Each structure stands twice: as C-alpha cells, then as structure tokens.
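Since chain A is already given, all that's left is putting chain B on it; use the hints.
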Amino acid sequence: MNLPDRTVLGNGAVLVSSALPSNPFVAFRGSVPAGVAAEGDDHGVAEFTARLLLSGTRRMSAAKLSDRLEGIGATLEFRNGEELLSFQGRCTRDTTAETIRILVECLARPAFPAREIDRVRKELENDVRIEADDTRSRAMRELARSVFPKDHPYGRDPKGNAERIRRIRRSDIVAFHASHVGPEGLILAVTGDVDRTLIDEAIAAPLSRLEGDNVGAPRIPPPPAHKPRNVSIPMPHKTQVDVAIGAPAVPRSHDDYDALNLANLLFGRIGLYGRLGRNLRDEQGLAYYAFTSLDARTAGGMWSISAGVNPANLTKAVASIRAEMERLRQEPFTPDEVRDGRDNEVGSLIVSLERNAEVAGELHRMEYFGLGMDYLERFPDIVQGLSDGRVREVAQKYFVPSASSIAVAGPIARARVSL
Amino acid sequence: MATHVESLDNGLKVILRPIPDTKALSTWVVYHIGSRNEVPGMTGSTHWVEHMLFKGGGKLGKGDIDKLISRLGGKMNAFTDTDYTMYFETIPASAMDTALMIESERMRNAAFDPKEVEAERTVVLSEREGAENQPEFAVEEELWGLAFHVHPYHWTAIGYKQDLATLDREPLYRHYLRFYAPNNASVILVGGFDPAVAMQHVREAFAPLRPEAPPDPMRLVEPEQRGERRSDIVRPGPADLLSAGWHIPAAGHEDTPALIVLSTVLGGWRGLVPFAAGDWRPRSNRLYRALVDSKLATDVGVRQEIKVDPSLVIVNVTLAEGASLDHVEEVLDREVERLKEGIPAKSELDRAKQQVRAWARYEQDGVTFQGILLSVSEGLGAWDFGESLLAKAERVRGEQVRDVARRYLVDAHRTLVRFHAQEAAA
Numbered sequence: 001m002n003l004p005d006r007t008v009l010g011n012g013a014v015l016v017s018s019a020l021p022s023n024p025f026v027a028f029r030g031s032v033p034a035g036v037a038a039e040g041d042d043h044g045v046a047e048f049t050a051r052l053l054l055s056g057t058r059r060m061s062a063a064k065l066s067d068r069l070e071g072i073g074a075t076l077e078f079r080n081g082e083e084l085l086s087f088q089g090r091c092t093r094d095t096t097a098e099t100i101r102i103l104v105e106c107l108a109r110p111a112f113p114a115r116e117i118d119r120v121r122k123e124l125e126n127d128v129r130i131e132a133d134d135t136r137s138r139a140m141r142e143l144a145r146s147v148f149p150k151d152h153p154y155g156r157d158p159k160g161n162a163e164r165i166r167r168i169r170r171s172d173i174v175a176f177h178a179s180h181v182g183p184e185g186l187i188l189a190v191t192g193d194v195d196r197t198l199i200d201e202a203i204a205a206p207l208s209r210l211e212g213d214n215v216g217a218p219r220i221p222p223p224p225a226h227k228p229r230n231v232s233i234p235m236p237h238k239t240q241v242d243v244a245i246g247a248p249a250v251p252r253s254h255d256d257y258d259a260l261n262l263a264n265l266l267f268g269r270i271g272l273y274g275r276l277g278r279n280l281r282d283e284q285g286l287a288y289y290a291f292t293s294l295d296a297r298t299a300g301g302m303w304s305i306s307a308g309v310n311p312a313n314l315t316k317a318v319a320s321i322r323a324e325m326e327r328l329r330q331e332p333f334t335p336d337e338v339r340d341g342r343d344n345e346v347g348s349l350i351v352s353l354e355r356n357a358e359v360a361g362e363l364h365r366m367e368y369f370g371l372g373m374d375y376l377e378r379f380p381d382i383v384q385g386l387s388d389g390r391v392r393e394v395a396q397k398y399f400v401p402s403a404s405s406i407a408v409a410g411p412i413a414r415a416r417v418s419l
Numbered sequence: 001m002a003t004h005v006e007s008l009d010n011g012l013k014v015i016l017r018p019i020p021d022t023k024a025l026s027t028w029v030v031y032h033i034g035s036r037n038e039v040p041g042m043t044g045s046t047h048w049v050e051h052m053l054f055k056g057g058g059k060l061g062k063g064d065i066d067k068l069i070s071r072l073g074g075k076m077n078a079f080t081d082t083d084y085t086m087y088f089e090t091i092p093a094s095a096m097d098t099a100l101m102i103e104s105e106r107m108r109n110a111a112f113d114p115k116e117v118e119a120e121r122t123v124v125l126s127e128r129e130g131a132e133n134q135p136e137f138a139v140e141e142e143l144w145g146l147a148f149h150v151h152p153y154h155w156t157a158i159g160y161k162q163d164l165a166t167l168d169r170e171p172l173y174r175h176y177l178r179f180y181a182p183n184n185a186s187v188i189l190v191g192g193f194d195p196a197v198a199m200q201h202v203r204e205a206f207a208p209l210r211p212e213a214p215p216d217p218m219r220l221v222e223p224e225q226r227g228e229r230r231s232d233i234v235r236p237g238p239a240d241l242l243s244a245g246w247h248i249p250a251a252g253h254e255d256t257p258a259l260i261v262l263s264t265v266l267g268g269w270r271g272l273v274p275f276a277a278g279d280w281r282p283r284s285n286r287l288y289r290a291l292v293d294s295k296l297a298t299d300v301g302v303r304q305e306i307k308v309d310p311s312l313v314i315v316n317v318t319l320a321e322g323a324s325l326d327h328v329e330e331v332l333d334r335e336v337e338r339l340k341e342g343i344p345a346k347s348e349l350d351r352a353k354q355q356v357r358a359w360a361r362y363e364q365d366g367v368t369f370q371g372i373l374l375s376v377s378e379g380l381g382a383w384d385f386g387e388s389l390l391a392k393a394e395r396v397r398g399e400q401v402r403d404v405a406r407r408y409l410v411d412a413h414r415t416l417v418r419f420h421a422q423e424a425a426a
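Quick mapping for you: the protein sequence lines, in order, are chains A and B.
Read in our numbering, the first sequence has 225 at position 225, and its numbers run on one by one without any break.
Read in our numbering, the second sequence has 2 at position 2, and its numbers run on one by one without any break.
No lab work stands behind these hints: they were computed from the structure.
Treat the hints loosely; a few may be bogus.
[What the hints assert, rightly or not] The calculated lysine-lysine pairs, modelled on DSS-like cross-linking and capped at a C-alpha distance of 25 Å, are:
| hint | chain 1 | residue 1 | chain 2 | residue 2 |
| --- | --- | --- | --- | --- |
| 1 | B | LYS115 | B | LYS59 |
| 2 | B | LYS346 | A | LYS64 |
| 3 | B | LYS161 | A | LYS316 |
| 4 | B | LYS295 | A | LYS64 |
| 5 | B | LYS67 | B | LYS115 |
| 6 | B | LYS161 | B | LYS115 |
| 7 | A | LYS316 | B | LYS115 |
| 8 | B | LYS340 | B | LYS392 |
| 9 | B | LYS67 | B | LYS23 |
| 10 | B | LYS75 | B | LYS23 |
| 11 | A | LYS64 | A | LYS122 |
| 12 | B | LYS62 | B | LYS75 |
| 13 | B | LYS392 | B | LYS346 |
| 14 | B | LYS75 | B | LYS13 |
| 15 | A | LYS316 | B | LYS62 |
| 16 | B | LYS62 | B | LYS115 |
| 17 | A | LYS122 | B | LYS295 |
| 18 | A | LYS227 | A | LYS397 |
[As the list claims (entries may be wrong)] Stretches of chain B that chain A covers, calculated by requiring three or more beta carbons in the stretch to come under 8 Å of a beta carbon on chain A:
| hint | region |
| --- | --- |
| 19 | 69 to 83 |
| 20 | 318 to 330 |
Quantities reported herein were computed from a predicted structural model and do not represent experimental measurements.
Ideal Cβ placement from N, Cα and C applies to all residues, glycine included.
The shape of chain A in the complex, shown without the other chains (with noise of 0.2 Å):
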C-alpha cells in the first residue's frame, strides 16, 4: 500500500484516503467525537442521537433518505461508542459524490422527528432487553463496569437504562447534536476504488461544506483505580455460562501497548485463541470459544478474557484460565512462541489489508491515535523491535489474576465463582 493522502479542509475535517484498484467499490469510515464520553452526565444521548441520524433530514424524510441511498445501491451506518460517534457505508465510484453528500446532509441538517424519535425509542427498550437476556453481553456488561467503576464512560452503558430511554426528551438529543457534531474533530478514512479527482470532487468538495461550531473531542479523564469485583448473574433458563475476566490495560498511545498486543495475541488470540484456547479447547474440550481482547482507547483500555462453558465445567475452566494466567510467570513465553507471534503480526498486514472495510477502518485508527500515515510502513520494525523480555514483562505485569475482576452469567446458582 502506498502512504495514504492525508487532508486537512478548510473545515476542520481530516480526509485520509489510500487507493486499492483491486476492489471494484469505494469504502469509507468516519467519525466524530461525539460518542459516551461527550454526553458528561446526560446518560444515553449519545447513543439516541446515533440512531438517529438515518431518521430524516430537513430536506428528506426516513423513507426518502433509505429511498435514494438503496436505490443508488449504497450503505451507510451510524454507530455510537464509548468516545466517537462512528460511521462507514459502501457505494460505487459513480455513486460517491451522491453518497458523500447525504453523509454530510445527515451529519449537519438532521430533522430528529418526534415520531422516529418514538420509534427509535421502542427500539431501544427492546434492545435493552435483548441484551439482559444475553449471558455474553450480560457478562462483559458487568465487566466493564468494574473494570471502569463510577460511571466512567467506558463502563457505562452506552444505552443508558429504561428510566433514562424513557425519559430523553427531542431538546435533548438536538442539544447534543448541536453542541458535538460537526467538523470539528471529523475524520473520514476512504479506500476502494479511488483516485485524486474523485477525491477532490467527489469527498472533499460536499466535506467541506458541512458546517457547525460543534465543540470538538471532550477530554475523557483516566478511569477511576480498579478493585476487582466477582460477580455472578444466575440465569437460569439458559443453557451455557458465559464467563468474563478483565483488567485495566493502556491507552493506545503508552509505550507498553505495541508489547502488551503481542502478548495479548499469544495468549489468547493466534491460531485457535493461543495458549488458553490451546487449554480450554483444544486440550480439555471445555468450551467451543475463550479468547481475549486488547481495547485501547485515548485515556484508558482494558484487557479481557471470554469463554463459553457448560455449567458443569464452569469451575474447572475457571481453574484452567486462573492456571494459565499463573504459567505466565512459572513459564513464560518462549523465544519460538514470541518469534511466532511476531512473524504473525507482520505477516498479517498483508493479509488484514486486502479488504476495503479492513484498510477504511486502519486508515481511520492511524489518524485517530495520531500513529502517522506512515504507521504500515514503520508497523514491522516496531514488531520486530520487541524483545522477548518485554513481551513476558507485559504478560506478567497486565495479566494477573488477583488484579481481574470476573463476571458469569448463566445457569449458576447464586454462589460467587472467583478467580
């Protein structure tokens, strides 16, 4: 891949875009900072305000909006998260210009009708319900929580609970929308089936015609110190236990990151989940699933572990994660085991960067965390410049298991599970 093009309009706006011919469509990934963290105690808008935006514009209602995008055979979604409000979509060279310009008409001319607003509503409490009745999500729910306690933004739901759906008023949400969204802070990834021309013409010129006097990113304070907490949540109309164990990790940008990913890969990640899919999968049968993953956002992350397990296994595969966290120090990563993971994360470029969804959403990371447009290219020499020693240092320091919380959910007795 050759370095990206990186713009900055006159805006505001940052356009970062790489071309990638061998895919015959155009794919794009944005966002603004206007996710959890920007909504200070106003729980819930944020994520209201997400779903909002396909909802109708002043110029076109709901139907119209899905009308003109499907019938040009384009996507676009909104998404909100813990600190941006994110969005990506798909169109046709031919079809950019049309689709970058509802892009930038539902960003900055949203109508927020009241009865999208019901609707959206409905939709909520039911997903709200759908998730507590999920072991998965009920599980790393609690996690997070306790990971990132008093309300922090990345341990709260971004939902927001029943009371709060309830009660968010239209005021509310065009508030929000006025005060946060806009181009200040907006970043738009775009890869495909792109050249210069159609990115001045087609991407930049509609992009720099969004206005606004949205207040930027929101400083997110570092999260509250972590007391590990043992939770269970006894469901028992369910038939498997979902287990979730986590830990503060870094945010992305500290200097034990690039180390703390390549433990994190082979521990629970490369191949079939690493080591601890190789012990509870492999070897013991335990669970169809136990992985882990490394979230590392602008002021904090979190490190954590999942696995699925029969009841009836629920202790011993608990056991078997607490042992392997403990082998870390009795026996730490080996020189092959790190060599492995190495040769993995390099070789992986080629192989994450073949889709247009993967590059779109790269591109975006390398400017949000401000990595440089040369990040791929310097990607390999950071890997490689990881000694053994560092990598089995992160391990030891991140993963312990009397500084993780855990969370169960399923049919479990009330009795506390701890690791």
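Same frame as chain A, now just chain B:
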C-alpha cells in the same frame, strides 16, 4: 473476471481466479457434503468431522495447521452448511504451497485420534449450547423441523444434542473417508498468482490422491406440503419472535432470480452470502415500512435460503414490546397479498435491482470474500452460479415477481413459528 477451470484425472475440480495487484491468496476447498447427507442418529456428524480436520494427520501433527498459518499472519476457518463444507486459508501469496499442503493432507489423511474425537465432543456440544442460549436458534430449529418431514433439511447443521452425545469415532471416520475425496471436492484459489504456475502446484499437491466411489445421489424428496403448519414456543426470552417459511424450489430452478427480486422488494438485499453485510440492515423495503416504521417490530429480515434441494424463503420478525403476534401476522399476510395482487412499481423494482447489483460488487471485497462467493456457488452446483444468478436477476420483470409470489407464497406451503417470550425467573 478471468477464471481458469480445470479438472485433474482424480476428479478434483480446480478453479483459479488471479487478481493482479494483490499480494494475498485465499485458498478454499469445498466438499459436496453437508448435513443433507446425514441420517437420523448421525446428525451433526458433518460438522464434527469439520472440527476434526484441524487436528492434524499425515504430514501434519496436532497444532501444525494452526502454527503454519499463524506464522504467516494468515487467517483460516471452516464452515459446515446443509449442502457443503468448506475450508479456507488466506495467506501471503508467496506461501501458496503451505495452504495446498494443508488442504491435500486434510483431504485424505486426517488422524481422528480417538482421544481428540472425545475432546471435541464437548466442544461441539458447547457450540450447540451457546446457540441454545439464543431464542432465535429455538425458532430456527423448530421452523426447519416442521417444514421438512422427510428431507434432511429437517435438522440443522449443528445436529441434535443426543446424537452429539452418543456418536462414536468409527462412524465419524467412515463419514470422512466416504466423502472427503478429490472427486467430491473443488479447490478454489483467488489472489496474486500466475494461473499456470498455480495449476502446477495444485497438481503436485492433489494429483496423487485417490478418488472414492461417487456419493449416492439424494433420494429423499420432501412431499408437497398440504396445509399450513404452525408452532407456538413458550419460553423465557426478551421479545416475541415470528418466523414464517414458504417452500421454494432448488437453487438451479428458473424461478430463483425472480425470487431474489421478490425477497429484495419484501425485505431488502444483503448479498448472496451475508458475511459482507455485517450489521447493515436495509430500510427501503415493504416489511421494514409496514412493521418497523409502524413500531410493531424492531427488526425484520427476509432470507432466501438458496440450496441444492428445494428450500425455504424465510421472514423473521422481532416484535416491539406491546405488539401482538396476531397483529404482526396480519400485517405480514397483507404485505404478502399485496405482492400477489400487484406488480411492483418501476421505481421499486429498479431500487431492488440496484441493491442486488451493488452487493454483487461489495461481495468482491478482497480475496477472502471472492473465495467465499466462488465456494458457495460451487457448493450449489457451479462456481459461476452466483454471478450468473445475479445477472439473471437484472432481467426479472415486475410480472415475474407477482407470479412467483402467487406460486410460492401460499398459505398451504407455509410454516409459521411464534415465540411467546416469558419473563425469566430471577
């Protein structure tokens, strides 16, 4: 796109699609074996065999596949469907021989170590139990079980729990030996390679493999359904669900393109293989307008199950709180009647076709997705099935949409499952 097709003497079909400007390679092997080839008592065996084929054999020790692909930064997986099973690796193109070696060993030399078979029993049971946690799975299993009394589409690819609990190593291994042979498989390569060179490497890897007797043709034919079948599931859950399935013909039938357009008008289009669509949901279709816009439902989708044998077109609805299943069913009936009574407006038909056209491009997003599309198509009968089907959908007229609605969306051929969500005990 240029595609090179050739067969080896042992019956293996080879499909090569070179993509200039890419350094990645996606290698797929599709076997014409799915849960439709199973018999009662052995349900889920095809899927279990798929799991066993990651555990080595021949030149590959346990864990070797994992290691070889991981070192390359590659991705790999496998999928068991009712009609076919497919395996893939996406790796740097320079490592083609690694993928070909893995797949040729997998085709004939899997170990099926008894200890590993036993360890995998609880893994497949766990996969099923994870699905059982979702009310949608109960609805899906009920729908197919009710709609098909004779044909093996009666069960889903994961199989029944009691079969998974009791199946032994020997029938699984026999199942493997019987169906994993070059004359029952196709190798598909998509990515950065020279076709002549790739063909030579494929030959070296697979030509020595011995064919088996061809699998018996499917003899089971589902008799015509004569009267609607209904089921009510009463279970703890977060929302009421409604699922309706109508019998449709096999993939190769001449009505399939018109049914694609019908499905799109009714519920939108998310591609032939829904992997590429992710969470995106179409909104400009009739059921979204009638059910979600009107706040009776929070989600609705139409799935045309394109299969080797006659199958189903399925509507799934997640009801909003307070909406009644009876009312939603009435609205669904009304929309189905509308399709039978009138011809879709030109603008609606154009929009449906534009969606199908656009998704035909989006599904070409990189070598892995192109590999999926070619493999699914090959599993359904021919590697170019998907591409030619979508081209035929372009030519569908409004009258044909109305006609297939009249022919297939009839009450006597419908199966309806209603999930009545109960409050869960704390």
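To see whether the hints hold, each was checked on the structure:
| no. | hint | result |
| --- | --- | --- |
| 1 | B/LYS115 x B/LYS59 | holds, 19 Å |
| 2 | B/LYS346 x A/LYS64 | holds, 16 Å |
| 3 | B/LYS161 x A/LYS316 | holds, 22 Å |
| 4 | B/LYS295 x A/LYS64 | holds, 18 Å |
| 5 | B/LYS67 x B/LYS115 | holds, 21 Å |
| 6 | B/LYS161 x B/LYS115 | holds, 20 Å |
| 7 | A/LYS316 x B/LYS115 | holds, 19 Å |
| 8 | B/LYS340 x B/LYS392 | holds, 21 Å |
| 9 | B/LYS67 x B/LYS23 | holds, 21 Å |
| 10 | B/LYS75 x B/LYS23 | holds, 14 Å |
| 11 | A/LYS64 x A/LYS122 | holds, 22 Å |
| 12 | B/LYS62 x B/LYS75 | holds, 18 Å |
| 13 | B/LYS392 x B/LYS346 | holds, 17 Å |
| 14 | B/LYS75 x B/LYS13 | holds, 24 Å |
| 15 | A/LYS316 x B/LYS62 | holds, 23 Å |
| 16 | B/LYS62 x B/LYS115 | holds, 12 Å |
| 17 | A/LYS122 x B/LYS295 | holds, 7 Å |
| 18 | A/LYS227 x A/LYS397 | holds, 16 Å |
| 19 | 69 to 83 | holds (count 7) |
| 20 | 318 to 330 | holds (count 3) |
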